[in-house]
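Protein sequences, first through last, are from chains A and B. The working numbering applies: residue 1 is where the first sequence begins, and numbers increase by one. The working numbering applies: residue 1 is where the second sequence begins, and numbers increase by one.
Bear in mind the hints are in silico, worked out from the structure with no lab data behind them. Please note: incorrect hints may appear among the correct ones.
Listed next, the in silico DSBU-like pairs over lysine-lysine satisfying Cα-Cα at most 30 Å (straight line) [stated by the list, open to error]: (1) B:Lys127 - B:Lys154; (2) B:Lys223 - B:Lys26; (3) B:Lys109 - B:Lys120; (4) B:Lys26 - B:Lys154; (5) B:Lys152 - B:Lys109; (6) B:Lys152 - B:Lys120; (7) A:Lys180 - B:Lys154; (8) B:Lys26 - B:Lys152; (9) A:Lys180 - B:Lys127; (10) B:Lys127 - A:Lys312; (11) A:Lys180 - B:Lys152; (12) B:Lys109 - B:Lys154; (13) B:Lys109 - B:Lys26; (14) B:Lys127 - B:Lys152; (15) A:Lys180 - B:Lys109; (16) A:Lys312 - B:Lys120; (17) B:Lys120 - B:Lys154; (18) A:Lys180 - B:Lys120; (19) B:Lys127 - B:Lys109.
What follows is a list of derived Cβ distance ranges for each label pair [claimed, not checked]: (20) B:Gly216 - A:Ile114: 51 to 61 Å; (21) A:Trp282 - B:Gly164: 52 to 62 Å; (22) A:Val110 - B:Pro167: 33 to 43 Å; (23) B:Gly134 - A:Phe111: 24 to 34 Å; (24) B:Asn39 - A:Phe111: 22 to 32 Å; (25) B:Phe17 - A:Thr35: 54 to 64 Å; (26) A:Val295 - B:Arg179: 44 to 54 Å; (27) B:Gly134 - A:Tyr132: 53 to 63 Å.
Here are some chain A residues pointing at chain B (derived, C-beta under 7 Å) [claimed, not checked]: (28) Lys180; (29) Ala187; (30) Asp190; (31) Asp191; (32) Ala194; (33) Glu196; (34) Ala197; (35) Ser198; (36) Gly199; (37) Val200; (38) Pro201.
The C-beta atom is built at its ideal place from N, Cα and C for all residues, glycine as well.
Now for the letters of each chain:
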Amino acid sequence: MRNRTFTALVFVSAFALIGATLLVKNEFYFQAAYTVLQFVVLATAWNILGGYTGYVNFGTAAFFAIGAYSTVVLYNAFKAPLPLSILAGTIVAGLAGLGVGYLTLRLRGVFFAIATLALSVVLYTFVVNWDYVGGARGAYVLAPREVPFGFSRYTHLLYAAMVLMAATALAVARAVETSKLGRGLAAIRDDELAAEASGVPTLRLKLVSTTLSGALMGMAGTTFPCYLSFVEPSSAFSLNYAVNSIAMPLIGGMMSWLGPLIGALLLGIVQQVVQVSVRSEWNLLIVGALLVVFVTLAPNGIMGWVSAWRRKRI
Amino acid sequence: MSALLEVRSLGKRFGGFTALEGIELKVAPGERVGLIGPNGSGKSTLVNCICGALRNESGAVVFAGEDVTRLAAHQRTRRGMARSFQVPRPFASMSVLENLLVPIEYASKGGDEEAMAILKDIGLAAKAGLPSGGLTQVEMRKLELARAMAAKPKLLISDEAMAGLAPAEVDEVLPILFRLNEAGITIIMIEHIMHAVMRFSQRVVCLDAGRIICEGTPGEVVKNADVQRAYLGA
Numbered sequence: 001m002r003n004r005t006f007t008a009l010v011f012v013s014a015f016a017l018i019g020a021t022l023l024v025k026n027e028f029y030f031q032a033a034y035t036v037l038q039f040v041v042l043a044t045a046w047n048i049l050g051g052y053t054g055y056v057n058f059g060t061a062a063f064f065a066i067g068a069y070s071t072v073v074l075y076n077a078f079k080a081p082l083p084l085s086i087l088a089g090t091i092v093a094g095l096a097g098l099g100v101g102y103l104t105l106r107l108r109g110v111f112f113a114i115a116t117l118a119l120s121v122v123l124y125t126f127v128v129n130w131d132y133v134g135g136a137r138g139a140y141v142l143a144p145r146e147v148p149f150g151f152s153r154y155t156h157l158l159y160a161a162m163v164l165m166a167a168t169a170l171a172v173a174r175a176v177e178t179s180k181l182g183r184g185l186a187a188i189r190d191d192e193l194a195a196e197a198s199g200v201p202t203l204r205l206k207l208v209s210t211t212l213s214g215a216l217m218g219m220a221g222t223t224f225p226c227y228l229s230f231v232e233p234s235s236a237f238s239l240n241y242a243v244n245s246i247a248m249p250l251i252g253g254m255m256s257w258l259g260p261l262i263g264a265l266l267l268g269i270v271q272q273v274v275q276v277s278v279r280s281e282w283n284l285l286i287v288g289a290l291l292v293v294f295v296t297l298a299p300n301g302i303m304g305w306v307s308a309w310r311r312k313r314i
Numbered sequence: 001m002s003a004l005l006e007v008r009s010l011g012k013r014f015g016g017f018t019a020l021e022g023i024e025l026k027v028a029p030g031e032r033v034g035l036i037g038p039n040g041s042g043k044s045t046l047v048n049c050i051c052g053a054l055r056n057e058s059g060a061v062v063f064a065g066e067d068v069t070r071l072a073a074h075q076r077t078r079r080g081m082a083r084s085f086q087v088p089r090p091f092a093s094m095s096v097l098e099n100l101l102v103p104i105e106y107a108s109k110g111g112d113e114e115a116m117a118i119l120k121d122i123g124l125a126a127k128a129g130l131p132s133g134g135l136t137q138v139e140m141r142k143l144e145l146a147r148a149m150a151a152k153p154k155l156l157i158s159d160e161a162m163a164g165l166a167p168a169e170v171d172e173v174l175p176i177l178f179r180l181n182e183a184g185i186t187i188i189m190i191e192h193i194m195h196a197v198m199r200f201s202q203r204v205v206c207l208d209a210g211r212i213i214c215e216g217t218p219g220e221v222v223k224n225a226d227v228q229r230a231y232l233g234a
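Just chain A, with the same shape it has in the complex (with noise of 0.2 Å):
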């Protein structure tokens, strides 16, 4: 299929998705779903760099935190509308996806990994001493008297913008695959020297990866403040983010975009009906024990063991 029609698709889909806000009533459903649309853009930014670059990043909370603190500062600063928020939120973290990018100069592996985590320590000690922005006592951004763009709840506003940006996450991610960019990735990935020596600008390519992931993470954050109308930097920086966003394209599978987007509605479903049904405590229990079951029995995620099953078969 190519681009084209698959962005199509993709965007037909999520407006269909966001017409269900005519019928369906009970709110509850919008808000478990802006939760796991949240985690399937997450998980399909992660991969862009972890997947297909092979560059493991845990510092997933820091981008998520700079797209919901950059709402905030908008927010503090002229009450910005949440267009405006979601894309200056989404070129911020863009940015600092641009600085990772330069870190992979001279960090591989473990060490990249690391610097990424240190990289979320230190921004959240920052925003913990930034009074502008509430510091640790958190910050309100409160919603509009009147809901924009002719929706009925604020809720479904925010479902609609996470539909939309879950829609741009894949397309980007499927474009990124499919291309000679996605190539390039994939020879990086592999061998960075072989890469190199077969013509690939390896350190540019890098940057493209660190930013476009950087910036969907980003993007993923920015409705963050406005859900709660709350933000405090331990919830923004959550662990959750980042472990999350490791764990599903693991189980999912991370050779393509379908991996992410499978690895992120399993978990992320399962999530949601552990939190109501039994205690939300169990949610990071049920990721653990999901990783090692995959990570011993399907070592290539879900897609992965899809592809040798149907190999065996022919």
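Based on the hints, put chain B in the right spot on chain A.
For chain B alone, coordinates are given in the frame of chain A:
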């Protein structure tokens, strides 16, 4: 005729260790040059400096009349300098054919059919669709050469393409290199298998402890006293 590759008083250090010093090397278009030397003499370091995987501290590398000393490895590849690696480094997640598409898309800007033509020429056509991780040693060596060829090089640096191969397998790879040379590609061969280098090279350069100790026809080099001392000890 002017040289295709010219290395001018090149030097490379790793901390306090001098790996290469004052290397002067000229390679004419179409030439077959053998580079020999004992383990640790600096052969691979020299290849890495020529190809841009390592930066030399002093001296210059001039390729096709252009000073490429400051260029990154991928830019040198695009200008027509290709190499194969001593230990095969296939793109393991890709098929054999896809391995060739990387340099074709990024360096030579050709099409898929060229990749297939190269695989046919080198005898890997039957394996085109298979994952490259599952090849045998000799097939991996061939893939290394095929991938280097896919960049459409003027100069091919073959870093021990035959190390560890059985004699029969050496006889499979050597003719490939001869054919490439006949097609107009200049080749620098780094090799430990003496009879292969001697048979292949028009000129042999011997490195020892980071310096060129001898240069000449294969016959001259084996008789040279310094070379014998370097290999066999005093």
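Hint check results:
Note on B:Lys127 and B:Lys154: the hinted pairing holds, with a Cα-Cα distance of about 26 Å set against a maximum of 30 Å. Simply put, B:Lys223 and B:Lys26 have alpha-carbon atoms about 22 Å apart, close enough for the 30 Å limit, and the pair holds. Proximity of B:Lys109 to B:Lys120 is assessed by CA-CA distance (about 19 Å); at most 30 Å being required, the pair is judged to hold. A threshold of 30 Å between alpha carbons decides the hint, and for B:Lys26 with B:Lys154 the separation of about 15 Å falls inside it, so the pair holds.
Only pairs whose Cα atoms come within 30 Å are accepted, and B:Lys152 paired with B:Lys109 is accepted, the gap being roughly 9 Å. A hinted pair counts as satisfied when its Cα atoms are at most 30 Å apart, and B:Lys152 with B:Lys120 qualifies at roughly 16 Å. Of the supplied pair hints, the one linking A:Lys180 and B:Lys154 holds, its CA atoms being roughly 24 Å apart against a limit of 30 Å. Taking the CA atoms of B:Lys26 and B:Lys152, the gap is about 21 Å. The hint holds against a cut of 30 Å.
Proximity of A:Lys180 to B:Lys127 is assessed by CA-CA distance (about 23 Å); at most 30 Å being required, the pair is judged to hold. A C-alpha spacing of about 19 Å is found between B:Lys127 and A:Lys312, which places the hinted pair at or below 30 Å, so the restraint holds. About 18 Å separates the Cα atoms of A:Lys180 and B:Lys152, which keeps this hinted pair within 30 Å; it holds. The suggested pairing of B:Lys109 with B:Lys154 holds, with an alpha-carbon distance near 15 Å, which does not exceed 30 Å.
Taking the CA atoms of B:Lys109 and B:Lys26, the gap is near 29 Å; set against the 30 Å cutoff, the hint holds. Among the hinted pairs, B:Lys127 with B:Lys152 is consistent with the structure: their alpha-carbon atoms are about 21 Å apart, no more than 30 Å. Simply put, A:Lys180 and B:Lys109 have alpha-carbon atoms about 11 Å apart, close enough for the 30 Å limit, and the pair holds. Between A:Lys312 and B:Lys120 the alpha-carbon distance is near 28 Å, which keeps this suggested pair within the 30 Å criterion.
Note on B:Lys120 and B:Lys154: the hinted pairing holds, with a Cα-Cα distance of about 20 Å set against a maximum of 30 Å. Straight-line distance between C-alpha atoms of A:Lys180 and B:Lys120 comes to about 24 Å, which keeps the hinted pair within the 30 Å bound. Proximity of B:Lys127 to B:Lys109 is assessed by CA-CA distance (about 23 Å); at most 30 Å being required, the pair is judged to hold. Our hint of 51 to 61 Å for B:Gly216 and A:Ile114 holds, since their Cβ atoms are close to 52 Å apart.
For A:Trp282 and B:Gly164, the Cβ-Cβ distance of about 53 Å falls inside the hinted range of 52 to 62 Å, so the restraint holds. The hinted range of 33 to 43 Å is satisfied by A:Val110 and B:Pro167, whose Cβ atoms lie roughly 42 Å apart. Distance hint check: the CB atoms of B:Gly134 and A:Phe111 are about 30 Å apart, consistent with the given range 24 to 34 Å. As the Cβ distance of B:Asn39 to A:Phe111 is approximately 30 Å, the hint placing it in 22 to 32 Å holds.
For B:Phe17 and A:Thr35, the Cβ-Cβ distance of about 56 Å falls inside the hinted range of 54 to 64 Å, so the restraint holds. For the pair A:Val295 and B:Arg179, the supplied restraint of 44 to 54 Å holds, since their beta-carbon distance comes to about 47 Å. For B:Gly134 and A:Tyr132, the hinted distance range of 53 to 63 Å is satisfied, since their beta carbons lie about 57 Å from each other. The beta carbon of A:Lys180 is positioned within 7 Å of a beta carbon in chain B (closest approach about 5 Å), and the interface hint is therefore held.
Among the interface hints, the one on A:Ala187 holds; its C-beta lies about 5 Å from the nearest C-beta in chain B, closer than the 7 Å criterion. For the restraint placing A:Asp190 at the interface with chain B, the shortest Cβ-Cβ distance is roughly 4 Å, inside the 7 Å limit, so the hint holds. For A:Asp191, the shortest C-beta to C-beta distance to chain B is roughly 5 Å, which falls under 7 Å, so the interface hint holds. Hint on A:Ala194 holds. Least Cβ distance to chain B is approximately 4 Å, under the 7 Å limit.
Taking 7 Å as the C-beta contact cut-off toward chain B, the hint placing A:Glu196 at the interface holds, the least distance being around 4 Å. A hinted interface residue such as A:Ala197 counts as satisfied when its beta carbon comes closer than 7 Å to some beta carbon of chain B; here the least separation is about 6 Å, so the hint holds. A hinted interface residue such as A:Ser198 counts as satisfied when its beta carbon comes closer than 7 Å to some beta carbon of chain B; here the least separation is about 4 Å, so the hint holds. With a cut of 7 Å, the hint placing A:Gly199 at the interface with chain B holds, because the nearest CB-to-CB distance is about 3 Å.
Of the supplied interface hints, the one on A:Val200 holds, with its beta-carbon coming within about 5 Å of a beta-carbon of chain B, less than 7 Å. Interface restraint check for A:Pro201: the shortest CB-CB distance to chain B comes to about 5 Å, inside 7 Å, so the restraint holds.
Of the hints listed earlier, there is not a single one the structure fails to meet.
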